[in-house]
Amino acid sequence: MSIVPIIKRDYISKLAEQGKRIDGRRFDEFRKIEIETTVVNKAEGSARVKIGNTQVLAGIKMDVGEPYSDSPESGVLTTAAELIPLASPDFEAGPPREDAIELARVVDRGVRESEVVELDKLCLEPGEKVWIVFIDIHILDYDGNLFDAASLASLAALSTTIVPATRLEVGEDYQLPLKEPPISCTSVKFDNFVVIDPSLDEEEIADARLTVATDKNGDIRAMQKGLNGSFTKEEIQKVIRASLDNGREIKKQLSECTGK
Amino acid sequence: MSIVPIIKRDYISKLAEQGKRIDGRRFDEFRKIEIETTVVNKAEGSARVKIGNTQVLAGIKMDVGEPYSDSPESGVLTTAAELIPLASPDFEAGPPREDAIELARVVDRGVRESEVVELDKLCLEPGEKVWIVFIDIHILDYDGNLFDAASLASLAALSTTIVPATRLEVGEDYQLPLKEPPISCTSVKFDNFVVIDPSLDEEEIADARLTVATDKNGDIRAMQKGLNGSFTKEEIQKVIRASLDNGREIKKQLSECTGK
Amino acid sequence: MSIVPIIKRDYISKLAEQGKRIDGRRFDEFRKIEIETTVVNKAEGSARVKIGNTQVLAGIKMDVGEPYSDSPESGVLTTAAELIPLASPDFEAGPPREDAIELARVVDRGVRESEVVELDKLCLEPGEKVWIVFIDIHILDYDGNLFDAASLASLAALSTTIVPATRLEVGEDYQLPLKEPPISCTSVKFDNFVVIDPSLDEEEIADARLTVATDKNGDIRAMQKGLNGSFTKEEIQKVIRASLDNGREIKKQLSECTGK
Amino acid sequence: MELDIKLIDDNGKRMDGRSAEELRKIKIEAGVLHRADGSCYLEWGGNKVFAAVYGPREAIPRHTQNPLRAIVSARYNMAAFSVEDRKRPGPDRRSREISKVISEALEKVVLTEQFPRSAIDVNIEVLDAEAGTRCAGLTAAGVALADAGIPMKDIPVACAAGKIAGQIVIDLGKEEDNFGDADLPVAISPRTDEILLLQMDGHLTVEEFNKALDLAIKGCHKASEIQKKAIMDKYQSVKGAE
Amino acid sequence: MELDIKLIDDNGKRMDGRSAEELRKIKIEAGVLHRADGSCYLEWGGNKVFAAVYGPREAIPRHTQNPLRAIVSARYNMAAFSVEDRKRPGPDRRSREISKVISEALEKVVLTEQFPRSAIDVNIEVLDAEAGTRCAGLTAAGVALADAGIPMKDIPVACAAGKIAGQIVIDLGKEEDNFGDADLPVAISPRTDEILLLQMDGHLTVEEFNKALDLAIKGCHKASEIQKKAIMDKYQSVKGAE
Amino acid sequence: MELDIKLIDDNGKRMDGRSAEELRKIKIEAGVLHRADGSCYLEWGGNKVFAAVYGPREAIPRHTQNPLRAIVSARYNMAAFSVEDRKRPGPDRRSREISKVISEALEKVVLTEQFPRSAIDVNIEVLDAEAGTRCAGLTAAGVALADAGIPMKDIPVACAAGKIAGQIVIDLGKEEDNFGDADLPVAISPRTDEILLLQMDGHLTVEEFNKALDLAIKGCHKASEIQKKAIMDKYQSVKGAE
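Chains as they are written, first to last, in my numbering: chain A, 1 to 260; chain B, 1001 to 1260; chain C, 2001 to 2260; chain D, 3001 to 3242; chain E, 4001 to 4242; chain F, 5001 to 5242.
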């Protein structure tokens, strides 16, 4: 629990009063995003996403296993995130802590609830054998906004995943069946300013965080509020609008990159 | 390891010299016991027991699983206790510590060794499928004498347990088959005084603890001595007598409450 | 991380300059070794090895289980070491730490890579049932050179292991099939002196450690360098020579003791 | 996903007979535990929840202390027998996430700067679970904090809204949660309507979201009334006993 | 439960030929380990046990220190290969309970107030287990404590009694433990007969219990003689070596 | 064990076309991460590895501090997706052993006495694994340490040699590792050829061992050149940017 120097908070707040952010962005502007897919060979699918200096790698592995008893004809999806000490002096080795758990669960829900992966097409033998999809998220460099970077890396990795049916001797390889993914955009609030895609400096002084995942129809597919501050209803609506706008752009970039 | 103010010990000891206890009870007198069964819905059986201010909830869940290889025709019984921080500022979250383990094991032995649950009637397919009975004990409020409260709550919960055969599709629901349960009574010793059903204040100054489970025939079914003090043979016999007397009364109350 | 008194280091170094060791041994001389087999009854095989005051007990248990999917016709070998606090005030209870893990893995590799246990003869039903061999190493008394004591105890225990086929109802008992075992010899370096079979005093001031396992043909079967010092090529060759010489003697003693 | 289950019938009634804007039955009792500094027992539909508060007390170990304010730590725990299939005891990923978002929500309303270096521990035990336990737990925690006399700007309260069978409704029940289209748990500070906790799963248009958020806030206010009554009852029973 | 196993034959002999009041063979050696401050190797029937004592030394971490006395921590551990079916290494619930009751029993006789803020660690390793390991372990620990020169009021010692085939007998063996009616492990301070450890599983009338308790105490005294001899032997061998 | 796999063909070429003394392709980039004090990305054949260095900084908790020097802790970690069959996240016995031997090798070259009570943390993440990851990881760590400006006597570097199809070769590939006869990973301080890390599995005559050791050291020197170039490139790109 680091105590951010009051001087930094003051500086960022003063800039915000003038409508500015420390890196020169508008309040509703994302940093530059880079998406690179198929970056590792052993994974069935992979992607490296940079948002500014934040860098996240997601890898997909698949295996054949048993379905859950309450959904015998459905594949299984599981998401894990590691906040490895490579990425930040504040991350510790060891079992995942609350932050990593929330990150993995929010990414997982983003993928699961919007049914991006068509799990019903991943059944091999009802009740016996289904495909298991493992999403593993590695944070390589941490400069804020892990939620969006991790979510985007996962989607990009899934988009390039080949089901390794040949290797596991259950048929021919094929493209993992996917639906249109919703795009997650995160904003934070400090004092009474709300900015999207916070850098680490902004995250460190933030009171409240709101992640909104939106789809191509402009609908909301998931939300998660975090941190011990509050939002007004008006602020939430502002965040939704900015998420819709940026989500649309990011979706375009993702499609261009993955060819979908 | 809290250091109890010497003044409290002195006070309780002085009272004891006059044959008195801080809450006005006789040395061989239990606090008021309340037993309430079927207090939660999702459990197959449940009971809440109050002994004075101490409050314990036990819930029974049942599942179908494999028997142990050395008793293929016998159901399986497993007991867990959590000393959750809800109940006391001294209980910590996290994996069970020595105190919780001893508590669970003493309750478990009380139920297992006296064969209260007729495990041989819980076999579905020899060597393949048997009923598993989970006893889970939650301490809600801690004012001393958890052993007796946890044990009594477990027995009361078992007494009202319906085997969920319908839900698990192995036949019709029926009452969990039980034998007469032995009743556990705990005494502690401080200085050279021995009192039954210690309150928290008395436990905190106690040197030695003795739990005795007796049945309706006046036989002994389990014993456990605890703490780093000693008992003389005479003291043990005194404890057994008080346990028999109180056990008989408690058994009566349990029968009235559970209708058995 | 104990800071060894400089005075002790000085003393041992000064002796070394005169070609002497604190217990009077030559640089390339082992302490007296004692090997005793079948020291416990419940184990399928067991041995107690003393090297000077260091004392290690290894026990072998066997069970029937599933093979690894990538070697369906091969038995399974697993090695665990506990640095139990019985053996040293510096060992702590709890999950194995780096030292115990390295010890277990080096012993395991010594047995596994040299194929001492003929795992291909431990298949009962290809892909279904094979023998599992558990090597468990208990350090009883720690006065240096655990690697060699643990390795030798494991080999001696394996040499006297009877496969408990009768008990597990898969045939007649028989001697565990073994090949010629390589013998592990460990040397340490302090200042520029290299000594074999270090005592605890010598280990505590050592900069670098080298374990070399050699077979009866004089070939090298495993090596492991440890500690944060370095060796020159010449020093390594010297260590290999001393390991060959001592290994030959130890092999002879092991054969005499186990009758093989 | 909706199978043959009809979540809303032809008369606009939900499976348990409620209308779209009707809460399940809520029963709250304050001060039910002897040992805790503050406590609450709450039933919300089929949910049964205890909350107990300890503190403010010195935070230990020391390195967890914040020199400027108290740390509020909520611990949400489900009893092994609180669900259909027995849950393994101890925290899992779900309960740890819920503990985190509840802690953050409570911290906003507690006057933490009054207790530097302190810890305020909030224990939430779910004994029966039937959809909406995080809202039930947070609502119980609010009462337990008040019962413990912890200074707060407001008593936090929670309620969910969601979408089932194409309609926005309040406070989803078990089947509604399983087979519905969206769930939106919300916690607020009722005096200001500031939003302390907000999660959403499912699929809502922006318009539907706004409607659901309003409905959840409305539900919070209803639950808030029951919270206040419980605290008042406890206060009067103590006064009465004097 | 007794199947076809005849625990007592027509001549009143037990399966291993013992009479009702006869202990299994006990062999004790003190001072067997080099590194420990005190140690003991004990065989009791088929049980083989090492005990090693370290301390008194400063208790760490600090918050475990008691400013008024030493903490005695016994750690009972079974080797993976000590039982028929391999046991997973490391403590389980059973060994942790046994560690607790042995710690409590030992603490009573050690003059802990002589060593404030200290720890005395007693490590008990069971290498072969065949009924009665907690009594064997505690008895070995008593010798190791004496060997370490820890000041004690008395050397603690343990022995069990039980009921098999309707009779009260001393020191149950493996089949007697598995198929018998009751087991009663007891530890005492032999000078005063104060009872330091007592557990009972099974079914005894009060009269049977009294008889079993007397028998267990009798066994403790016999084991105590063997303890003392072992300590004396060690002392004399050291003197002899001088 | 060699089945039908021909590890060396009739022209003396290995499966991937290399000669006996030819390394796989190595690509090193220094200073690739923003947050770390020093970092490196390395590809060595099919291996892909990141290394990041943090420190020197105060070692915490305090009891891990060495009053005379810094502690160098390497943490070798394999991504779950870096191998054919998904690996469970988190450290296992293998990775903990590798972390230990790499830590020990690095500590020898770092001028640790300049930073008493400090910690220097080296994080090695293997994203793609294809034989030789410990050598790749240590080589990357050497560059990351230099990039972080940590004072060192030398930049440590590693390379393996081994025996396949009866021949001593450098830098085993995946099949060579699986079906070969021996593997010998070695790390050195290239200025002095001091050996910092050495492990051997398999079967070698003393003569073969000597040949393999020489070959591994030769490989270390080649990798060392690529390390130095990467550091120089980073330095120049920074200078160029000024």
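By construction, these hints were calculated from the structure, which means they are not laboratory data. Keep in mind that the hints are not guaranteed to be accurate.
Unchecked claim - Far from chain D by the CB rule (all over 12 Å, computed), these chain B residues:
id	residue
1	N1041
2	E1082
3	D1090
4	R1105
5	S1114
6	K1121
7	E1125
8	I1139
9	Q1175
10	N1228
11	K1233
12	K1252
13	T1258
To be verified - Derived DMTMM-like pairs: lysine to aspartate or glutamate, alpha-carbon spacing no greater than 20 Å straight-line:
id	chain 1	residue 1	chain 2	residue 2
14	D	K3153	A	D207
15	A	K233	D	D3193
16	B	K1238	E	D4181
17	D	K3100	A	E98
18	F	K5211	C	E2256
19	B	K1216	E	E4207
20	E	K4174	B	E1113
21	E	K4218	B	E1234
22	D	K3100	A	D70
23	D	K3174	A	E113
24	E	K4100	B	E1203
25	F	K5174	C	E2234
26	A	K238	D	E3207
27	A	K179	A	E113
28	A	K129	A	D70
29	F	K5027	A	E36
30	D	K3100	A	D108
31	D	K3100	A	D99
32	C	K2238	F	E5207
33	C	K2238	F	D5193
34	A	K216	D	E3207
35	D	K3211	A	E92
36	C	K2233	F	D5193
37	A	K233	D	D3214
38	F	K5218	C	E2113
39	C	K2216	C	E2098
40	B	K1032	B	E1234
By construction, the Cβ of each residue, glycine as well, lies at the ideal position given by its N, Cα and C atoms.
Evaluation of the provided hints:
The beta carbon of B/N1041 sits about 5 Å from the closest Cβ of chain D, which is not more than 12 Å, so the claim that it is off the interface is violated. Remark: the non-interface label on B/E1082 conflicts with the geometry, its nearest Cβ contact in chain D lying 6 Å away (cut-off 12 Å). Its beta-carbon lying about 10 Å from the closest one in chain D, B/D1090 breaks the requirement of being farther than 12 Å from that chain. Once the 12 Å rule is applied to beta carbons, B/R1105 is consistent with being away from chain D; the minimum gap is 15 Å.
No beta-carbon of chain D is positioned within 12 Å of the beta-carbon of B/S1114; the least distance is around 23 Å. For B/K1121, the condition that its CB be more than 12 Å from all CB atoms of chain D holds, with the nearest at approximately 21 Å. Distance to chain D confirms B/E1125 as a non-interface residue, since its nearest Cβ pair spans about 21 Å, more than 12 Å. Its beta-carbon lying about 10 Å from the closest one in chain D, B/I1139 breaks the requirement of being farther than 12 Å from that chain.
Distance to chain D confirms B/Q1175 as a non-interface residue, since its nearest Cβ pair spans about 18 Å, more than 12 Å. The claim that B/N1228 lies off the interface holds: its Cβ sits roughly 25 Å from the closest Cβ of chain D, which is beyond the 12 Å cut-off. Residue placement check: B/K1233 keeps its beta carbon more than 12 Å from all beta carbons of chain D (closest about 36 Å). Every CB of chain D is more than 12 Å from the CB of B/K1252 (nearest about 26 Å), matching its label as outside the interface.
In this structure B/T1258 is separated from chain D by more than 12 Å, as the shortest Cβ-Cβ distance comes to about 18 Å. Pair hint D/K3153 plus A/D207 holds up; C-alpha atoms about 17 Å apart against a cutoff of 20 Å. Between the alpha carbons of A/K233 and D/D3193 the distance comes to roughly 8 Å, so the proposed pair stays at or under 20 Å and holds. Proximity of B/K1238 to E/D4181 is assessed by CA-CA distance (about 24 Å); at most 20 Å being required, the pair is judged violated.
Taking the CA atoms of D/K3100 and A/E98, the gap is near 7 Å; set against the 20 Å cutoff, the hint holds. For the suggested pair F/K5211 and C/E2256, the alpha carbons sit about 35 Å apart, so the restraint of at most 20 Å is broken. With a C-alpha separation of about 16 Å, the suggested pairing of B/K1216 with E/E4207 holds against the 20 Å cut-off. Distance check on the hinted pair: E/K4174 and B/E1113 sit about 17 Å apart at the alpha-carbon level, within 20 Å; holds.
With a CA separation close to 16 Å, the supplied pair E/K4218 and B/E1234 stays within the 20 Å bound. Distance hint between D/K3100 and A/D70 is unfulfilled; the C-alpha atoms sit about 28 Å from each other, more than 20 Å. Taking the CA atoms of D/K3174 and A/E113, the gap is about 17 Å. The hint holds against a cut of 20 Å. Between the alpha carbons of E/K4100 and B/E1203 the distance comes to roughly 17 Å, so the proposed pair stays at or under 20 Å and holds.
A threshold of 20 Å between alpha carbons decides the hint, and for F/K5174 with C/E2234 the separation of about 31 Å lies outside it, so the pair is violated. Under the criterion of a C-alpha separation no larger than 20 Å, the hint pairing A/K238 with D/E3207 is consistent with the structure, at around 14 Å. Among the hinted pairs, A/K179 with A/E113 is consistent with the structure: their alpha-carbon atoms are about 12 Å apart, no more than 20 Å. A hinted pair counts as satisfied when its Cα atoms are at most 20 Å apart, and A/K129 with A/D70 qualifies at roughly 14 Å.
Of the pairs offered as hints, the one joining F/K5027 and A/E36 holds, with about 19 Å between alpha carbons and a cut-off of 20 Å not exceeded. For the hint linking D/K3100 to A/D108, the alpha-carbon distance of about 17 Å falls within 20 Å, and the restraint holds. Between D/K3100 and A/D99 the alpha-carbon distance is near 9 Å, which keeps this suggested pair within the 20 Å criterion. Annotation: proposed proximity of C/K2238 to F/E5207 holds, straight-line Cα distance about 14 Å (limit 20 Å).
Under the criterion of a C-alpha separation no larger than 20 Å, the hint pairing C/K2238 with F/D5193 is consistent with the structure, at around 17 Å. Pair hint A/K216 plus D/E3207 holds up; C-alpha atoms about 16 Å apart against a cutoff of 20 Å. With a C-alpha separation of about 42 Å, the suggested pairing of D/K3211 with A/E92 is violated against the 20 Å cut-off. For the suggested pair C/K2233 and F/D5193, the alpha carbons sit about 8 Å apart, so the restraint of at most 20 Å is met.
For the given pair, A/K233 sits about 9 Å from D/D3214 by alpha-carbon distance, which is consistent with the 20 Å threshold. Between the alpha carbons of F/K5218 and C/E2113 the distance comes to roughly 26 Å, so the proposed pair goes past 20 Å and is violated. Between C/K2216 and C/E2098 the alpha-carbon distance is near 31 Å, which puts this suggested pair outside the 20 Å criterion. A threshold of 20 Å between alpha carbons decides the hint, and for B/K1032 with B/E1234 the separation of about 27 Å lies outside it, so the pair is violated.
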